[in-house]
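Protein chains: 2
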Amino acid sequence: MTVAFVSSGPGDPELLTIKALRRIEAADAILYDDLSAGPILDHARADADLVSVGKRAGRRGPVQHEINRLLVDYARTYSRVVRLKSGDGGIFGRLEEEIEALREAGIAFEIVPGVPSACAAAAAAGIPLTRRVAARRLQFITGHDVTGDLSTDLNMAALADPGTTTALFMGKRTFGALAERLIGAGLAPDTPALLAESVGGPGQRLVRATIATLAPHLADSDGPALILYGPLAP
Amino acid sequence: MTVAFVSSGPGDPELLTIKALRRIEAADAILYDDLSAGPILDHARADADLVSVGKRAGRRGPVQHEINRLLVDYARTYSRVVRLKSGDGGIFGRLEEEIEALREAGIAFEIVPGVPSACAAAAAAGIPLTRRVAARRLQFITGHDVTGDLSTDLNMAALADPGTTTALFMGKRTFGALAERLIGAGLAPDTPALLAESVGGPGQRLVRATIATLAPHLADSDGPALILYGPLAP
Chain A
1 MTVAFVSSGP GDPELLTIKA LRRIEAADAI LYDDLSAGPI LDHARADADL
51 VSVGKRAGRR GPVQHEINRL LVDYARTYSR VVRLKSGDGG IFGRLEEEIE
101 ALREAGIAFE IVPGVPSACA AAAAAGIPLT RRVAARRLQF ITGHDVTGDL
151 STDLNMAALA DPGTTTALFM GKRTFGALAE RLIGAGLAPD TPALLAESVG
201 GPGQRLVRAT IATLAPHLAD SDGPALILYG PLAP
Chain B
1 MTVAFVSSGP GDPELLTIKA LRRIEAADAI LYDDLSAGPI LDHARADADL
51 VSVGKRAGRR GPVQHEINRL LVDYARTYSR VVRLKSGDGG IFGRLEEEIE
101 ALREAGIAFE IVPGVPSACA AAAAAGIPLT RRVAARRLQF ITGHDVTGDL
151 STDLNMAALA DPGTTTALFM GKRTFGALAE RLIGAGLAPD TPALLAESVG
201 GPGQRLVRAT IATLAPHLAD SDGPALILYG PLAP
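Chains as they are written, first to last, in this note's numbering: chain A, 1 to 234; chain B, 1 to 234.
Be careful, since some hints might not be right.
Said to hold, decoys possible - Calculated from the model, a selection of chain B residues having no Cβ within reach of chain A, i.e. all distances over 12 Å:
hint, residue
1, M1
2, V53
3, A108
4, P113
5, R131
6, G184
7, P216
Claimed, not checked - Have a look at the derived ranges for each label pair, beta carbon to beta carbon:
hint, chain 1, residue 1, chain 2, residue 2, range
8, B, A177, A, R76, 46 to 52 Å
9, A, V133, B, G176, 44 to 50 Å
10, B, A212, A, T210, 51 to 57 Å
11, B, L206, A, D222, 40 to 46 Å
12, A, T147, B, D149, 37 to 43 Å
13, A, D222, B, R69, 19 to 25 Å
14, B, A188, A, G176, 51 to 57 Å
15, A, T147, B, T77, 34 to 40 Å
16, B, G184, A, D73, 45 to 51 Å
Hints are computed from structural coordinates only; laboratory data are not their basis. None of these values were measured; they are calculated from a predicted model. Positions of the beta carbon are idealized from the N, C-alpha and C atoms, including for glycine.
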C-alpha cells in the first residue's frame with residue numbers, strides 16, 4: 001500500500017529515468033493520463049492493472065476528484081501502485097491534490113522526478129535554456145489559470161523580462177493574447193519564440209519564430225506543445 | 001566525430017535517463033565535471049577515456065576556455081564523445097560556450113536532457129514545485145553572476161513574487177544577502193525555504209526553514225546544494 005508518483009518525461013520512452021522504469025516494471029497497477037502513457041506502458045507487467053484516468057487539457061474540476069478517489073481505492077487494493085505523470089510530475093501536474101487525498105487516507109507515497117518537457121524541447125532544438133548574461137533566469141508558466149483562460153493577474157515584470165527564458169506549458173490557445181501583453185509591456189516583438197510539439201515522438205515539430213509571429217503556427221498544432229520565448233540561442 | 005551533451009541528473013544514478021545511460025555505455029571518451037560524475041561513470045566502457053575537466057563552483061574564466069579546447073580535441077580523436085553535465089545540462093550548465101566551440105570546429109552535437117536538481121530536491125521533500133493558485137509560476141536562478149557575487153540588477157518584482165516557487169542554484173554563499181533583499185522588497189519573512197543538499201546521494205540532507213531563518217544552516221553545508229523558497233507545501 002504505497003503509491004509512487006512517477007514522472008514519465010516528455011514522451012520519448014528513452015527519456016524515462018532508470019528509477020521510473022523500475023517502478024513501472026514492478027507495479028501492480030498503473031494509473032495514467034493520456035499524455036503520460038504511450039510506449040512507456042509497454043514496460044508494465046503483463047498482469048498489471050492499467051487504468052486510464054482520461055485526464056486531458058481543458059477538463060478539470062470533478063475529474064480531479066474522481067482521480068483522487070480512484071488513486072486511494074487502488075492504493076488500498078494493491079501494494080505497488082504507480083501514478084504516472086507526464087514531464088516532471090511536480091511541474092503543473094496537480095500533484096498536491098492527489099498527495100492530499102493520500103495523506104487523508106493515511107497512504108504513504110514517494111515522488112520520482114523526471115525530465116520536464118521544457119528541458120526536452122530545448123534539447124531537441126539544440127539550445128540551452130539559460131545562458132550567461134543573456135538569459136540568467138528561467139521560468140515556467142501555464143497558459144491558463146483555474147478558469148481555463150490566461151490569468152488576469154499576470155506578473156508582467158517577470159514575464160516580459162528580456163533577460164529571461166520562459167517556458168509556457170499548455171499555452172497554444174492563449175499565446176496570442178499573452179504575446180500582445182508582452183509586447184505591450186515592452187518586450188521586443190522580435191524576441192525569439194519556439195514551438196515544440198510532440199518532442200521526441202514520431203510527430204515532433206519545431207517551429208522557430210518570434211513572439212510577434214508565432215501565433216498563426218499554433219492553429220494547426222496538434223500534439224502536446226510547449227512554447228519557449230526569450231533570448232533563445234540561434 | 002560527434003559529441004553528446006549528456007545530462008546526468010542530480011547525482012542519484014537511478015535518476016539517469018535510459019538515453020543518457022546508452023550514450024555513456026557507448027562512449028569512447030567522457031569529459032566530466034566533478035559534480036556530474038560519481039557512480040554514473042561505472043556505466044562507462046572499461047576502455048573508455050575518462051577525463052575530469054575539474055570544473056568547480058568558484059572557478060571560471062580560463063577554465064571554461066580550456067574545457068572548450070579539450071572538448072574539440074577529444075571530438076577530433078574519437079567518434080563518440082560524451083560531455084557529462086550535472087542536473088539538466090541546459091540549465092546553468094554553460095552549454096552555449098561549448099556548443100559555440102563545437103560549431104566553430106564544424107563538429108556535430110546532440111543534447112540529452114535530464115532531471116534538473118530542483119525537480120529532484122522537491123521530489124525528495126515530497127512536495128510539488130507548482131500548485132494551483134498558490135504557486136502558478138516556477139523560476140530558476142543562480143546565486144551569482146559572472147563576477148561570482150549576487151547579481152546587482154536582480155528583477156525583484158520576479159524574485160519576491162509570493163505566488164512563485166523559486167529554485168536557487170549555487171546560492172549557499174549569497175542566500176543571506178538575497179533573503180534580505182527579498183524581505184526588503186515585501187516578501188513575507190516566514191515564506192518557506194528548503195535547503196536540499198546532495199539529493200539522492202549518501203549525504204542527503206533536507207532542512208526546512210523560512211527565508212528569514214535558513215541562512216545559518218548554510219554555513220555547515222558541504223555537498224552540492226539547492227535552495228527552494230516560495231509557497232512550498234508543508
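For each hint, the structure was consulted:
no. : hint                           : in the structure
1   : M1                             : holds (17 Å)
2   : V53                            : holds (17 Å)
3   : A108                           : violated (10 Å)
4   : P113                           : violated (4 Å)
5   : R131                           : violated (5 Å)
6   : G184                           : holds (16 Å)
7   : P216                           : holds (27 Å)
8   : B:A177 with A:R76: 46 to 52 Å  : holds (49 Å)
9   : A:V133 with B:G176: 44 to 50 Å : violated (24 Å)
10  : B:A212 with A:T210: 51 to 57 Å : violated (42 Å)
11  : B:L206 with A:D222: 40 to 46 Å : holds (41 Å)
12  : A:T147 with B:D149: 37 to 43 Å : holds (42 Å)
13  : A:D222 with B:R69: 19 to 25 Å  : violated (44 Å)
14  : B:A188 with A:G176: 51 to 57 Å : violated (35 Å)
15  : A:T147 with B:T77: 34 to 40 Å  : violated (57 Å)
16  : B:G184 with A:D73: 45 to 51 Å  : holds (49 Å)
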